[in-house]
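Engineer: Those protein sequence lines, which keep their order, are chains A and B.
Sequence positions in the first sequence follow our numbering and run -17 to 275.
Sequence positions in the second sequence follow our numbering and run -4 to 306.
The reader is advised that the hints may include incorrect statements.
Okay, the calculated beta carbon distance ranges per label pair [as the list claims (entries may be wrong)]:
#1 B/V34 / A/A169: 26 to 34 Å
#2 B/I111 / A/G176: 34 to 42 Å
#3 B/V34 / A/E65: 34 to 42 Å
#4 B/Y41 / A/V72: 48 to 56 Å
#5 A/I188 / B/K110: 29 to 37 Å
Covered by chain A, per the in silico footprint, the following chain B stretches (three or more residues, Cβ under 8 Å) [unchecked claim]:
#6 83 to 96
#7 135 to 146
#8 239 to 246
Simulated from the structure, these hints should not be mistaken for lab results.
Idealized CB from N, CA, C, for every residue including glycine.
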Amino acid sequence: MVNQTAQSSMNWSRINRGLIYAVLLTAALFYLLPLVVMVLTSFKTMDDIRSGNLISWPTEFVFDAWSKAWSTACTGVRCEGVEGYFWNSVQIVVPAVLISTFLGALNGYVFTKWKFRGSELLFGLLLFGCFIPFQVVLLPMAQTLGLLGLANTTAGLVFVHIVYGMAFTTLFFRNFYINIPGELVKAAQLDGAGFFTIFWRILLPISGPIIVVTIIWQTTQIWNDFLFGVVYGSGDTQPITVALNNLVNTSTGVKEYNVHMAAAIIAGLPTLLVYVLAGKYFVRGLTAGSVKG
Amino acid sequence: MRAISMGAHDRPEATAKAKGGLAWLERWLPKMVLAPTFVMMLVFIYGYIIWTAVLSMTNSRFLPSYDFVGLLQFEKLFENDRWLVACTNLGIFGGLFILVCLVLGVTLAILLDQKIRQEGAIRTVYLYPMALSFIVTGTAWKWMLNPGLGLEKVVRDLGFESFSFDWIVDPNMAIYTLVIAAVWQSSGFVMAMFLAGLRGIDNSIIQAAQIDGATLPKIYRRIILPSLRPVFFSAFIILSHIAIKSFDLVAAMTGGGPGYSTDLPATFMYAHSFTRSQIGLGAASAMLMLGGVLAILIPYLYSELRGSRNG
């Protein structure tokens, strides 16, 4: 009798585990499918696309769509592929990420180790900047960039990304530095170390993890930005997201789905690589501040 | 406060006098370092919000003008069918997107927390869409949902000849395709948040409940889900924020169409401010978007700040 119940509960738990794996794998399929479809489509010819279906294997793997997407596809009126836009994005991302990360580190340092009357309020006000819908600053910023002669320039986009990325970078560093004992700073002060010496010699050397998190976060945010790119960039300075959207949605004539997919993969590849190479930090960056403990 | 006063007072008198200027510098340096950020914040966040508020009360069209018309633009907005559609769409899109992400996220996290083999690999698969932009996401799903060559054809090739799946070109259904794509992009992240929350729960409570003879479903219902409340809360904030700002996904997938059936407030704002020369109306819609975010955010920040003061 006892043996029988044990047996049946064993069976139940085996069925349960089977079900769990089935659900998990179905979900995995849902997440993987679009990527698989993108890759397969990008290696097909248009004839192959019309005769097969999304998940049919290419009759032969051709790279035509890739070279077309990179160098000759039309993004609006110009037909030079996405190559130039890819490098535009690189030129925007690199300075914007480095500067906003550095400023975030300095701000976080002051907000935690050099608190002054009102600094908490200041931080609260800045934190608010993480949450505003950017639509509410789009029009004035467009005016300002025009006045400064930065409209439609790479420098203008870098500037915008620094300004509106800083709330986040400050938040990251502030939350990291707040857990570093203040005694460390006080001891260094007694030894005569000044503001910047403490920052360079004591705080920065132990900031490795949070620097990585912040750089990854900012890189994905800025690389993936579309709103600022489409409003403040034009022609020569547009980032890759805008070029991809133009390629897919404003080009006239026959829709070349294989080219669209190749361009989409090119646009997604840098952040995907960052994620694969440093996924652990990526997750930590994404959940930072949102999950306590 | 304390750090600064220590720097100023604990030094020997002589050096303090000699370094009078330096001590002054030390005291003001932190504020000087913060000054650029402070100014930028004041101008580019708060100043611009006020500027937008001012624009929303003018009759600006192609260029900003400063002829004040009071709240006329807001009145116009609520008589504008396209705006009402955008708001309704945000309700449908946001509601479903948040709900599905939360349910999917917590379910997958709980299942993944059952000592699953290859957990790391599965987690990576769930989360990678988060690395992709909404433009790439939209491009991929637009192709997947292509009536004729997309999923419809896959099912037809399986033998279901009359299968039809053309939501993306159907004005009544297109909004739901946005939900599918957005859930695909963001739900893995919600799962990761819940998983982190689950891993943070004290095991001894669960073991004690087990000893008391509580069944597994009961443990989940009574102990684990309630202790995930803060995660539900944060996820809700993040997801509603994503929903209100949603712009790129619509641009890439439907362009707001067919017609304006998939317009959201963000696409409405962009269209009127930058392509339809209705800056006043665009600014008014931006102010209402800010209002929407604040309505969700202020209670949240309030409880957060109170919590940290108590903690």
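Engineer: Taking the hints in turn, state whether each one holds.
Structural biologist: To see whether the hints hold, each was checked on the structure:
Roughly 33 Å separates the CB atoms of B/V34 and A/A169, a value that falls within the hinted 26 to 34 Å. Evaluation of the 34 to 42 Å hint for B/I111 and A/G176 yields a failure: the beta carbon distance comes to about 52 Å. At about 38 Å, the beta-carbon gap between B/V34 and A/E65 stays in the expected band of 34 to 42 Å. For the pair B/Y41 and A/V72, the beta carbons lie near 32 Å from each other, so the given range of 48 to 56 Å is not met.
Between A/I188 and B/K110 the C-beta distance comes to about 34 Å, which sits within the given range of 29 to 37 Å. Here's how the segment 83 to 96 of chain B fares: 0 of its residues keep a CB closer than 8 Å to some CB of chain A, so the rule of at least three is not met and the hint is violated. With a cut-off of 8 Å between beta carbons, the segment 135 to 146 of chain B has 9 residues touching chain A; three or more are needed, and the interface restraint holds. Check result for the segment 239 to 246 of chain B against chain A: holds, 5 residues qualifying (beta carbon to beta carbon below 8 Å, three or more required).
The structure is inconsistent with the numbered hints 2, 4 and 6, although it conforms to all the rest.
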